[in-house]
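There are 2 protein chains.
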Amino acid sequence: MADPVSSRAAAVAADAADPLAFARARFALPPDVVYLDGNSLGALPANVPAAVADAVERQWGRDLISSWNSNGWWQLPAHVGDRIGALVGAAPGQVICGDSTSVQLFQALTALARIGTGRRTIITDGANFPTDQYLAESVARILGLRLVRVAPPDLAGVLDADTAVVSFSAVDYRTGERWDAPAITAAVHDAGALMLWDLCHVAGALPFDLDGLAADAAVGCTYKYLNGGPGSPAWLYLPTRLQPSADLPLTGWHGHADPFALEQQYVPATGIARGRIGTPALLSMLALDAALDVWDGVDLAAVRAKSLALSDLVIGYADANLAAFGVEVVTRREHERRGSQAALRMPHAYEVTQALVARGVVGDFRAPDLLRLGLAPLYLSFADVWTAMETLRDVLATEAYRDPAFARGMDATVT
Amino acid sequence: MADPVSSRAAAVAADAADPLAFARARFALPPDVVYLDGNSLGALPANVPAAVADAVERQWGRDLISSWNSNGWWQLPAHVGDRIGALVGAAPGQVICGDSTSVQLFQALTALARIGTGRRTIITDGANFPTDQYLAESVARILGLRLVRVAPPDLAGVLDADTAVVSFSAVDYRTGERWDAPAITAAVHDAGALMLWDLCHVAGALPFDLDGLAADAAVGCTYKYLNGGPGSPAWLYLPTRLQPSADLPLTGWHGHADPFALEQQYVPATGIARGRIGTPALLSMLALDAALDVWDGVDLAAVRAKSLALSDLVIGYADANLAAFGVEVVTRREHERRGSQAALRMPHAYEVTQALVARGVVGDFRAPDLLRLGLAPLYLSFADVWTAMETLRDVLATEAYRDPAFARGMDATVT
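Keeping their order, the protein sequence lines are chains V and U.
Counted the way the working numbering counts, the first sequence spans residues 1 to 415.
Counted the way the working numbering counts, the second sequence spans residues 1 to 415.
Check before you lean on any hint, since a few could be wrong.
As the list claims (entries may be wrong) - Take a look, some chain U residues computed to stay more than 12 Å from chain V by CB distance: (1) Arg149; (2) Leu213; (3) Arg304; (4) Ala324; (5) Phe325.
What the hints assert, rightly or not - Here are some, though not all, of the chain V residues that point toward chain U, as calculated from beta-carbon distances under 7 Å: (6) Gly61; (7) Ile65; (8) Leu213; (9) Gly229; (10) Leu250.
To be verified - Chain U is faced by these chain V residues, among others (derived, beta-carbon under 10 Å): (11) Asp3; (12) Ser6; (13) Trp68; (14) Val103; (15) Thr110; (16) Tyr223; (17) Trp253; (18) Ala269; (19) Ala273; (20) Ile277; (21) Leu282; (22) Leu283; (23) Ser284; (24) Pro404; (25) Phe406.
Hints listed in this document are in silico derivations from the structure and should not be mistaken for laboratory results.
For clarity, every value in this text was computed on a predicted model and none was experimentally measured.
Ideal Cβ placement from N, Cα and C applies to all residues, glycine included.
Construct the entire structure; sequences and hints are all you get.
Written out as structure tokens, the structure reads:
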């Protein structure tokens, strides 16, 4: 492993040697901005505007209703699902695209809990992203189960013969800590329970091996590292072995075995098609489909290597230059415990985040005291991240964050 | 009421006198097509392409994450909800936009059933659109209730002290028959039960008075007569009086009382905001928001009057010219029993539909024997509909539908 980038010259050299440097041209980034919020809303791929214009003007406007067949609308959720599956280690036919992560969590948790043989406990992470906790709470309640919150990876003493499902995010949304998914999945399976992974902060950020782990279900969004656009549809993974028994609660007509027979009784489709619900948001899904083109020819191992080198840069810079300002590196120092973001704890984190945005360095704030820097290897250069860190040092050194313009007001930065 | 249009000259005269004629220029329709499938997928409003390009290139591409505040993304579901509410008789603050009709049915049915005081029956229409039946089945099962299918409006002998919720579509999706919503709602309320209306075939097609009826919930799509685009997000109406007790099952974090506090426990927002679920499909919702501009200055009473005149034309033409070919008018002859589509039963209905499409007259087929003609008064002229009927007569008279090219194959025409 190379030494961390520790000077602007080294950053420039790293960019010159970057095997992913070609990918930046696949994005339309605003000038004079270092965008470190791709873990919240990914940047716009350069091919998407034309694809969306085609979807609106030709597919909708001219071809109208015939597009369901002639432009492949009907097949799109499975087609896009397979493309996402390829990025998270799922063989074709196991991922369906649609709806929001929250809706897919309800689907997956209910289906897994219904498989259970009398087991009555759902386990989630008490630091999991709120929607994961809220949907687990709702599913537990509607099915008459018990919800237990624990911190991964410590499941010893919690997993038992009553555990139906364990639902964790593979990377913590605040700290960026990455859990040991193989070990956790194995422990859950050893206890006879089922494992659901939320891959919102994984898909497009680092490799994952859903099939290899024998995960029982997974969900994820597509608007972070997959750059699908604001609110682009989420996805649900159900492995082939569980599909025949997957008893999903949102029995929309698109998931019916014979949707156009328009029957009275619901009979689920075979295969992953049973994960379809209602008519999908096609403009959003067509934007996502185009956005996935940025992955053509991209090696996920190279993405991971660059992501780690970028977080090494952040950590090294913070240790060397920011500790004096009270900045603490929250991101784990072990590579295997890191996702693709850096989290820095500091006084006045909210105001510092705003001062950075005003200088064109866009990260985000997570209460109470974290600055979160998303590291999207496809469009960020080492020089970008170096610039961001120098800007952060300047904001701290000059106390620019004390400007009243950066004081906390109404904010709605969305994970 | 004027006599039905019964000649091309009369159609041209009706167009010259049409107070809604101005609205056609608000749509980008393909040339040489008479589009009678707006009850499945509405036509493209002319202002939408530029609005979507702005959403993609400026809001997403340039403003990125800041758009949640600066471009009003966070407020959009309530803003669009209010705009839809104005078209279905709902005062502001009672409609939220998002997700699919299927998902909203699950929300509404569960919330209404949970209000029930020990009542254990859900009633739906056995001829209701399948997704309405499937979700009612799922909700009944997950809550341990009983589902009964009856045909509206005959609820006598079915409504009783065990009825928790009645869920009907206000207009039948196949026949276009319109039910007497005030009478049905009153009967349901008299029995102490709650009334859910599905307005998929109502919103944008005819006036409705949700508040006036004291309906307990309503749902609808936006891609039919509201022209929101393929799979544009659906909506949920919950009246102000029921919002505090509405216990919704899809507890996504956008519906939390304080979403950015990122708390462990779900506490629903006050007001209609509790109907939010996860991150909405913003590109689709922004397209819808722009599409709703076509209603500016449009009088819904004029929409209704023109719709009825158009279906009068279809019925009159069919009676006079198509009965000899075995065509039967399924659409109700009483104005008050009609929605905004005409349904004609005929032999070879599938093949006839295809032959019409090949001649630029786009309607759709509903098994086993219906040709369905959607009548969208904002962009259809009387001359258009006259042309469609003449084309239909020609297809029947020449038996053009016998061309093997029109034989039934794989089809996926979507309601």
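Verification of the supplied hints:
The non-interface label for Arg149 (chain U) is inconsistent with chain V: the shortest C-beta to C-beta separation is roughly 7 Å, within 12 Å. Distance to chain V confirms Leu213 (chain U) as a non-interface residue, since its nearest Cβ pair spans about 25 Å, more than 12 Å. Distance check on Arg304 (chain U): its Cβ is at least 24 Å (rounded) from any Cβ of chain V, clearing the 12 Å threshold; non-interface status holds. Separation of Ala324 (chain U) from chain V is adequate, the least Cβ-Cβ distance of about 29 Å exceeding the 12 Å criterion.
The beta carbon of Phe325 (chain U) is kept farther than 12 Å from every beta carbon of chain V, the shortest such distance being approximately 25 Å. Proximity of Gly61 (chain V) to chain U holds as hinted, the smallest CB-CB distance being about 4 Å (cut-off 7 Å). Interface restraint check: Ile65 (chain V) against chain U, minimum CB-CB distance 5 Å, threshold 7 Å, status holds. Checking Leu213 (chain V) against chain U by beta carbon gives a least distance of about 25 Å; that is not within 7 Å, so the hint is violated.
For the restraint placing Gly229 (chain V) at the interface with chain U, the shortest Cβ-Cβ distance is roughly 5 Å, inside the 7 Å limit, so the hint holds. Of the supplied interface hints, the one on Leu250 (chain V) holds, with its beta-carbon coming within about 6 Å of a beta-carbon of chain U, less than 7 Å. For the restraint placing Asp3 (chain V) at the interface with chain U, the shortest Cβ-Cβ distance is roughly 32 Å, beyond the 10 Å limit, so the hint is violated. Because the smallest distance between the Cβ of Ser6 (chain V) and any Cβ of chain U comes to about 29 Å, over 10 Å, the interface hint for this residue is violated.
The beta carbon of Trp68 (chain V) is positioned within 10 Å of a beta carbon in chain U (closest approach about 5 Å), and the interface hint is therefore held. At about 6 Å, the closest approach between the beta carbon of Val103 (chain V) and any beta carbon in chain U falls short of 10 Å, and the interface hint on this residue holds. Look at Thr110 (chain V): its Cβ gets to within about 8 Å of chain U, closer than 10 Å, so that hint holds up. With 10 Å as the threshold, the beta carbon of Tyr223 (chain V) comes within range of chain U, its nearest partner Cβ sitting at about 7 Å, so the hint holds.
Hint status for Trp253 (chain V) relative to chain U: holds, with the closest Cβ pair at about 4 Å, below 10 Å. With a cut of 10 Å, the hint placing Ala269 (chain V) at the interface with chain U is violated, because the nearest CB-to-CB distance is about 12 Å. Given hint, Ala273 (chain V) at the interface with chain U, is violated; its Cβ is 13 Å from that chain's nearest Cβ, farther than 10 Å. For Ile277 (chain V), the interface hint holds, the least distance from its beta-carbon to any beta-carbon of chain U being 5 Å, beneath 10 Å.
Taken as an interface hint, Leu282 (chain V) checks out: its beta carbon lies about 4 Å from the nearest beta carbon of chain U, inside 10 Å. Against a cut-off of 10 Å between C-beta atoms, the interface hint on Leu283 (chain V) holds, since the closest Cβ of chain U lies about 5 Å away. Evaluation of the Ser284 (chain V) hint against chain U yields a held restraint, the C-beta minimum of about 4 Å falling below 10 Å. Below 10 Å, beta-carbon pairs count as interface contacts, and Pro404 (chain V) has none with chain U, the closest being about 18 Å; its hint is therefore violated.
For Phe406 (chain V), the interface hint is violated, the least distance from its beta-carbon to any beta-carbon of chain U being 14 Å, above 10 Å.
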